[in-house]
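We have chain A; now place chain B onto it with these hints.
Sequences listed follow chains A and B, in order.
Position one of the first sequence corresponds to residue 11 (the numbering used here), numbered consecutively onward.
Position one of the second sequence corresponds to residue 5 (the numbering used here), numbered consecutively onward.
The hints are simulated quantities; they were obtained by calculation from the structure and are not laboratory data.
Keep in mind that this is a model prediction, so the values were computed, not measured.
Hints are all accurate, no fakes.
Straight-line Cα separation of at most 30 angstroms, DSS-like style, residue types lysine-lysine; simulated pairs: (1) B:7 <-> A:67; (2) B:22 <-> B:59; (3) B:17 <-> B:61; (4) B:57 <-> B:22; (5) A:67 <-> A:91; (6) B:7 <-> A:91.
Reference listing, derived: stretches of chain A covered by chain B, where coverage requires no fewer than 3 residues with Cβ under 8 angstroms from a Cβ of chain B: (7) 34-46; (8) 52-58.
Just so it is clear, CB atoms sit at the ideal spot from N, CA and C, and this is done for glycine as well.
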Amino acid sequence: GQNIDQPTEMTATEGAIVQINCTYQTSGFNGLFWYQQHAGEAPTFLSYNVLDGLEEKGRFSSFLSRSKGYSYLLLKELQMKDSASYLCAVRIYNQGGKLIFGQGTELSVKP
Amino acid sequence: DVKVTQSSRYLVKRTGEKVFLECVQDMDHENMFWYRQDPGLGLRLIYFSYDVKMKEKGDIPEGYSVSREKKERFSLILESASTNQTSMYLCASTAQGGGRHGYTFGSGTRLTVV
Numbered sequence: 011g012q013n014i015d016q017p018t019e020m021t022a023t024e025g026a027i028v029q030i031n032c033t034y035q036t037s038g039f040n041g042l043f044w045y046q047q048h049a050g051e052a053p054t055f056l057s058y059n060v061l062d063g064l065e066e067k068g069r070f071s072s073f074l075s076r077s078k079g080y081s082y083l084l085l086k087e088l089q090m091k092d093s094a095s096y097l098c099a100v101r102i103y104n105q106g107g108k109l110i111f112g113q114g115t116e117l118s119v120k121p
Numbered sequence: 005d006v007k008v009t010q011s012s013r014y015l016v017k018r019t020g021e022k023v024f025l026e027c028v029q030d031m032d033h034e035n036m037f038w039y040r041q042d043p044g045l046g047l048r049l050i051y052f053s054y055d056v057k058m059k060e061k062g063d064i065p066e067g068y069s070v071s072r073e074k075k076e077r078f079s080l081i082l083e084s085a086s087t088n089q090t091s092m093y094l095c096a097s098t099a100q101g102g103g104r105h106g107y108t109f110g111s112g113t114r115l116t117v118v
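Isolated chain A, as found in the complex (with noise of 0.2 angstroms):
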């Protein structure tokens, strides 16, 4: 079957820097995604891996270990405005681009 795991609730200071985690168990693998929705919004699209390593863009980051079915995405000098949910997203080989999307995580910002 098809699984993606990641935390339900994170909580950082603003101006930290924090890394949520991703893991996924799926056939086919053909990229991993993040996107970031606001309470009440459509998700918007911040990252995405198919090879392995980092990819860097601006305060965020995403890492992709493809044997280790790994991720992880690296926000840093956080602002209040990154309180979100943040979606991990596995796109299966041959399947018109369908995703697998994880249950999100539930990013607190505190000042």
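Below, chain B alone, put in the same frame as chain A:
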């Protein structure tokens, strides 16, 4: 600016009503998806479509049907709404193969069935 548009942000319907949720994309995407999102359960796939007039069941299709008569429009139908279908419904689309951004989501429809 490319878009996925869902016709309603908020909807209140009565038990037993037939409900139509509409989704339109302007990106000429082949693939379209309907999810529902509930606290603690994440996004669960209801139905998806890879082409006009075709549809595939997702993980939780019971109580739902879909229609894709035109490439840009994918409709979700609740045949007889029930209170356990109260949820946030999200439509998404993607090009063939998925691309580097994965899905583009609509803004969501929060449906309440009373």
